[in-house]
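Undergrad: Residues per chain are reported as follows:
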Amino acid sequence: MSKLLSTFNKVSAPNTATVLLVGAEGTSKHKLAEAMLNIDTDFNLNMLTASSLPLPKDESDSRPPVNFVVFVIDLSNVLSMTIVESSVKYLDVDYFLGRCCFVVMKAEDPDNQNVEMMAVTGLSDVYQSPMLCGDVKTIRNCQCLARKLLSMVEIAGGFKFGVTPLLIDATRNTFNFEEEL
Amino acid sequence: MPLTENDQQKQQASKSGNGKKKTLVALRNAITYFTDARSSAKYRGNLNLHLALENIEQSSRSSGLTPPHILKLVKSITTGKWTEIVSSRLIRSLIPAAHVPHNAVVFAVSSLSAKNISDNMKCLFVRWMVLIYEYVDNKDTLHSLYGILFLFLDSDILCVHICRLLYLMTQRGDVKQYRVRKLLDIQSKVGVQPHIMALLSVYKLYSPNMVTVSSRIGNQSYFKQSDQKWAQIIHLVQEKNKRLNEDEDEAEDANEPSSRALDVHQPRKRRKLDVIPVLETIDRNERVPQSVKSLRKRMVPLEQIENFKQLLQNIDVVVLPNRIASILQSPHLYHVLTLFPDKTIAPRLSYWIHVSLYREIIAYPKSGENPKATALLQVITDFTDHLQESIPVCEWFLNQYLHTWNGLDYRIHILNLITRMPICSFEKMNDLLLEPLRKLYFCSGVYFKCLLLWCFTELLRNLMSVEVPRHRRAVAKQQETNIAESTILLNDTIFGQQTEQISTDNTIVEFINFVDNICVVGLQVEKNNALLMSYVLDFFHVTSGLYSRHGFKFLQLPSSPIVKRALYGNSAVFVSKINELLCRYSDEVNLMKESQAEYVDILKEKIPIMNNYVLCVCNALWQSKAFKNAKFQSTLSAIETYLPSSRRANASFSVLLHPALQMFVKKQQELNQTHSTPRTRELAILNSLKSHDLDGIYTFATTFVGRYARK
Amino acid sequence: MDVLFLLRKVLNRFRKADFEIVLPEWGFVVIGEEGLHLDFNRATKAVIVSRITEYCKRKNITLDDVAELDLIYNHWHQNNRNWQVYRLTGAEGMKKDAPIVPPDFEFTLRKQLSFYFRHDLHMMKKEDWIWLRICLKEGVGSEFSLNNVVYIMHPSDSLNVFTSTIKKSYKQYLLQALVLSLHCTKIKELELTGRHLRSLADMVLHQHSQGVMSRYRYNQVDESPLSCFRKRKESPPDISDDRLICENTKEKRARLSQTQETFGQNKQPVVQKLTYKLVTGFHANEYVPGMADGDTNVFHCTVKFAGTSVIEGIRQLGPAGLAKLPLPSHLGNIHSLAKNCMIISEGNH
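Chains as they are written, first to last, in the working numbering: chain A, 1 to 181; chain B, 1 to 711; chain C, 1 to 349.
Hints were generated in silico from the structure; no laboratory data involved. What you are looking at is a predicted structure, and each value in this text was computed from that prediction instead of being measured. Glycine residues also receive a C-beta, built at the ideal position from the N, C-alpha and C atoms. Any given hint could turn out to be false.
Some chain A residues near chain B, calculated using beta-carbon distances under 7 angstroms [as the list claims (entries may be wrong)]:
| no. | residue |
| --- | --- |
| 1 | Lys10 |
| 2 | Pro14 |
| 3 | Pro130 |
| 4 | Lys137 |
| 5 | Ile139 |
| 6 | Asn141 |
| 7 | Cys144 |
| 8 | Ser151 |
| 9 | Glu154 |
| 10 | Val163 |
| 11 | Leu167 |
| 12 | Phe175 |
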């Protein structure tokens, strides 16, 4: 029970957002985290990285409450997918209302993929959370990805006046259109 | 023009004196040894044989062999008299000085079915043919053996090399259904082999309608680099001789076959750099006898046409190029495509576009943009513009690519392609196109949002003016012929698309609703960004012409947050634009009212909303009752009592006090102090706004406000 | 095909920077003598090579001199060849404990070889390692080619021999001659090959002091208590920003220490290939039920790891989080096996 990661069991510091990056080793989490920290934001940003959930026990109770969770999947690494699949279960339901997203790396290179893209889209559909594709190989792409994540964090953290993740989600139409791509 | 043996000898002899002459004589003697029927074929201890062999090897490596020598040697080898070692060394030294006589190749091919020659030698012969293929002087003769060579695919030993040779030789006319079937047979026997895939892929390139097997596309090389050393020697000898010839006689060089060999080189080199293949027609390398030529005279290959006028004159006799994609080179050639009745063009072109898009974008190994891909996308957009129809494979590509698009790579080109998407059911459109874009929209900056709205505007325009009419025509035609099918063939297109039975109206309505939604939320997220607002209003500007311009039987109004944000914002442009927009809508409503009673339902639903908007604008701008209908009246009055300066809150959005119009009002007041009554001041401001091209407010006033109404 | 041709071939193999040091070591060429002036900084390699060749031509260079240069080259660029490791056995009762006297050894080997081959033999001793170059002559002019040359390295106080690739037909005789002249009775081919000769020697000669033990060999244990230089504690890996917190630092450290326990802190020997050959029955019957009855048949299977330094790579797997720790013994112990080709068969686990 206590293993479940939850947003509301603690009060976060004012004007501060904490982002948790979850992904297997070798998925360039740190590079992404640093890119996000290097972008100027109107709020204070803290990054946590973890290789899987549940997080190790917080002995000193110093861990800030997590506002946004990013799961990093590297399509060339099967382990990264299984880790994410098992970790998602340790997330409170609140996160799936727009406070969580999946980042897919190496989506553009179909020859080197060991994880089916369909599996990832399935995951993102089941948990109703967006999926972003990107990579951190060049600075340009890395920043592009970091910006996107930050704009989601900004909305999820409530720093955009009058906008909530649910409002954004309300613009979505769902038909479950079935056609293989 | 092949040089005779004597010419060659004379040239060489005169050039470098006695030393050369001696080696030449030695070479001739060596060759005579092999052509002489009396010479002994014993290998061990046969000094003459060894000397002759070494002699030939040396001179062929240094300067190559002349065509007659090659012919003689090939003939000699094909007798099967020599031991394997000798023959293989001989074949390996068949290095052409300039070119290879076609007779020699024919002899070599004939040896493939000879019994007295071992399989290894046959294999070596084919490898030799692969290497010297570029240097054969008359490729037609060799090409006429295509069918015979094809038969040797059955031989397990020769198969790989024969495939490679055929890969080089194949022209469009060679692609036959029975050959494809044969290849598939072989494949089912030995499994998927790269060399057979290579041949199939060439076939598919020439006529994708015959090869239905889906080859795994990608940036792969089908053939292993074998015989590299050998190829290098041949190349070196060629280079060396070419240089010699250039020095010697430039005039003769023009007719020199070696320069033809260079011709073949060039396109290959260019092909690596360009996305679009070079224009080549089958006739290119043919040396057709005069009699046959006159028969075919009426057909004109494309590369002979120099200007547009010639194209117009010959458009009915033009021969299509070998690789159809080369047509994409020039916009003028698009016409050839649209006018040509050949049904295979569309699949050929589709296949090429499919493969290129996949290879250059989806499977492009490096991250970042590929310059080739940019060029390719540009060509495709130009082409679709010309055709005024989308290419189905592009749809397929977009559906796949948008899913993983980061919103950054090839941005403009991708958006351009999106604007040319055809109409489909809204469910499909939403899931394959709009949903990925929506995701990107909300996590990207304001600039991307604007771009996307621009893209949606253009898409809507294209759907309304091109795609829906086309669909309507097709439906009408199908009803005429009374075919009850679930799919509709759009028969006035090149690519002969099929679509399912859909309600186009529904798609358009839902699409506009979707854009409306993301506009509202987008404006909230971006805090009423002026640029975004401008694109939003542009979109609804197009929407407002649905009935009058495009004959749709419905009305789509922007939702009220958009109207109010524009109205109460602090930019005069948007106040004017929203006024203008409402006027356009009211014209639309009036037109609908006039025409017939069939729109009663729609009007019943939309007119109250419309009236509400008009009332809202009137109250705010002209009646000084901006907050009259607001729900927070009590708060308002409370504020007014405690803050006397805010007493005129209701009037704060009137023409004279509207924050967005202050600039014009102040300016006007400075100019004309004399106009004292509010009415004359208002009139003056209206005129001033009109002179600044902000005539939306003026139009609105003359339409809806009683005191300014046009008489 | 003559001496100069071979000389040019050998010279061309060197890098330009090598010449300055190699030429004095070779001793045949004396720079500055007889008009041989070489500006190593400015001249291109081609110029240097042609100058040296001209000079050697004037001094009537012999095949022996070129062979010596070739041997020097192979000592210098020993990692350009594939080496095979052999172990000598049956030295008991022989006078193996006496050190090898190079001239004697050369003499016996020459004699032994001459029973089987026409050959040229050259020997060189470098830091207790004996280097041999054996050129086996077969046919006309074969002494001028490098195709039939075998290089052999023997650490003089050990029972190991390292050879470059030997033609199969020569192998038996060559090894026989070698065994006899080293006063042993048998020679065994170890399943260890690679390009990095030092690493191979390290794995074979110090087989039991690899991994953690290597620190005893490198004398890294007994730090003097009086030493005032304390090793600085390693900072936690690469986190620069204090706003970035890694939740798994403890775990990471654990992985690192676990890896150090098995592999030690020193660089692992460099091996390019690691092969596991399975000569066992098929065991994964639950996945392929159809194979269940074919139990008795041997199911051949080969697993290969290849790369620039495979053992180091395996070590990195742990800290990179790509492998479960502790590693199984056939991977974790790999540095102490003196093998890079394992044959796993039924019965001898």
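Undergrad: Tell me, in ascending order, the numbers of any earlier hints that this structure violates.
TA: 1, 2, 5 and 9
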